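Novice: Turn these sequences into a full structure, and let the hints steer you where they fit.
These protein sequence lines are chains A and B, in that order.
Convert by adding 3 to the 1-based position in the first sequence; the result is the number in my numbering.
Convert by adding 1152 to the 1-based position in the second sequence; the result is the number in my numbering.
These are calculated hints, taken from the structure and not from any lab test.
In this text, all values refer to a predicted model and were calculated from it rather than measured experimentally.
A virtual CB, placed ideally from N, CA and C, is assigned to each residue, including glycine.
Just to be clear, a hint being listed does not mean it is correct.
Said to hold, decoys possible - Covered stretches of chain A, as calculated for chain B (at least 3 residues, CB under 8 Å):
| no. | segment |
| --- | --- |
| 1 | 158-165 |
| 2 | 232-239 |
| 3 | 277-291 |
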Amino acid sequence: MTGTAGYRLLLAGLAVVTALLFVCSLLVGPAEVDAMTSLRALVSDEGGLMTLVMREIRLPRAILGLSIGATLGLSGAVLQGYLRNPLAEPGLLGISPSASLGAVIALYTGVAAAFPLGLPLAALAGAALAVLVVRVMAGTDGGVLSVILAGVAVSAFAGAMTSLALNLSANPYAALEIVFWMLGSLTDRSMTHVWLALPFMAFGWAMLAVTGKALDALTLGPDTAASLGVDLKRVRFLAVFGTAASVGAATAVAGAIGFVGLVVPHLLRPFTGSLPSRLLPASALGGAAMLLAADILVRVVMPGRDLKLGVLTALVGAPFFLWLVWRTRRRMV
Amino acid sequence: MRLDLKSLTVELGGRRVLDDVTLSIGEGEFVGLVGPNGAGKSTLLKAIVGLLPAGGEIALGGEAARSLSARETGRRLSYLAQEREIAWPVPVEDLVMLGRAARLPSFARPGPQDAAAVARAMRRMEVEALARRPATELSGGEKARVLIARALAQETPLLLADEPTAALDPAHQIALMRVFADLAGEGGAVVACLHDLGLAARWCTRIVLLDAGRIIADGAPLDALTPERLRSVYGVEALFADRDGPVVHPLDLAGRTPG
Chain A
4 MTGTAGYRLL LAGLAVVTAL LFVCSLLVGP AEVDAMTSLR ALVSDEGGLM TLVMREIRLP
64 RAILGLSIGA TLGLSGAVLQ GYLRNPLAEP GLLGISPSAS LGAVIALYTG VAAAFPLGLP
124 LAALAGAALA VLVVRVMAGT DGGVLSVILA GVAVSAFAGA MTSLALNLSA NPYAALEIVF
184 WMLGSLTDRS MTHVWLALPF MAFGWAMLAV TGKALDALTL GPDTAASLGV DLKRVRFLAV
244 FGTAASVGAA TAVAGAIGFV GLVVPHLLRP FTGSLPSRLL PASALGGAAM LLAADILVRV
304 VMPGRDLKLG VLTALVGAPF FLWLVWRTRR RMV
Chain B
1153 MRLDLKSLTV ELGGRRVLDD VTLSIGEGEF VGLVGPNGAG KSTLLKAIVG LLPAGGEIAL
1213 GGEAARSLSA RETGRRLSYL AQEREIAWPV PVEDLVMLGR AARLPSFARP GPQDAAAVAR
1273 AMRRMEVEAL ARRPATELSG GEKARVLIAR ALAQETPLLL ADEPTAALDP AHQIALMRVF
1333 ADLAGEGGAV VACLHDLGLA ARWCTRIVLL DAGRIIADGA PLDALTPERL RSVYGVEALF
1393 ADRDGPVVHP LDLAGRTPG
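Specialist: Right, dumping it as structure tokens:
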């Protein structure tokens, strides 16, 4: 393998940037306290109010930013590698729309207001249901096309049901709450959310991380990969269920956050020699860095207005993606 | 390594694509698998690799292929698919290295012997100069040679190649036939689907002629390829000659007078 040194440098650089952004995320907020005091309040037990702010508000937010960003980056890279399509992203399997639908149902029926974990649990149930439908529809032949088609159908249905909930919502405040939730945000999440989502995400990461070598072989197409000893059914199981566990949990606590899973693998692929196995860790770190940065931006750009994270990632992500398409097209001509 | 097929039968969508194929191929053989479109050549190779459900028995080196793990199968045979697929702009040498994946445990990194195998394969296919180029930016013929190098890097005793000469210019077609003949000479076994009867007749040690899923002829090139069989199976008239070896060249459709 060549370029190993450059690749290690890339991973180290991304890790440093992610760590810095994580600390930065801890230091940004409406409570204007200097950095040293904030960090001291985080680790000491006698800080009073500031300790509470750091541990109950900023720390969960930073942890969720880090882990959800990593989830989106990693699952995006795995799905692009598995489907051999640079346009694949975590939403493609219908998992984020279905998790959103679960959350919307919780908001609509009042389950979300009845007890604090009602909403994320309903979202997780939505994600689980989606993955079961995709699994059944996709059959047992290990094919890729049926997975995509099943995902598209599930996405469309979940989207339609979400629209129906909005349509029938008698209470405009409930409708507004649904819309706001769907925009995606990390505001006012607690450690409870972290403990709910993190185990699922970690489980999903473990499943996604072991697909690297199989995805490399899949670069040569499914037949050649199978002849190289790749078990196509196992790869599909890991990619689909790993995405469901991690992205389902991420959507359950933060809503649908688009474009990170699409753009980050694209952006980093050229620096990793395009091999999927090398892209996975880079894309996980890159996703974490991008989401932490975006979550810092929403707090800095419009402090009083509660700019939604999902809005910002799409706002920055879409033009950036256009630029990527433009650059790719110019190279192809 | 011996390859033994006994009563191999494959049905796809209710249609019998391979019908009772029994065949044994030993070390040192370069077998040309020929036959018209739809005869079942690619299906036969895929069934041997285990990509299609097949009835009958397949044995690799005397052991039932079904009883072998996927990794062990990858140590015994390499397969060049007909589809020349390269999904990502991976540098050529990294792509050829993928041929070593079957030999490595899950998280092992390639070692010096893997690098040496990749270098040998790239030298054989004359693609060393392309080592750092992204594989997706190569010409059709260059891509084909890189993918053959990928299969050679696997260094298996049995190589199955589906239309390996497609997209190659005449010099590279002949060079490839020489590589396969050399592999057979070194004690390997090569089975290649070929459409070019001239190349098959001249370079293969043995020809297996398939038609409608059955073996029509099996033997030395000129024993298997006869004017009558080319007429009945392909529907073509061919020139047969000898110029330091057999020359077979299709001239016209059977039953038509030239000109």
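Novice: Each hint needs a verdict: does it hold in this structure or not?
Specialist: Hints, verified against the model:
no., hint, verdict
1, 158-165, "violated (count 0)"
2, 232-239, "holds (count 3)"
3, 277-291, "holds (count 3)"
Against the hints set out earlier in the document, a violation occurs for number 1 only.
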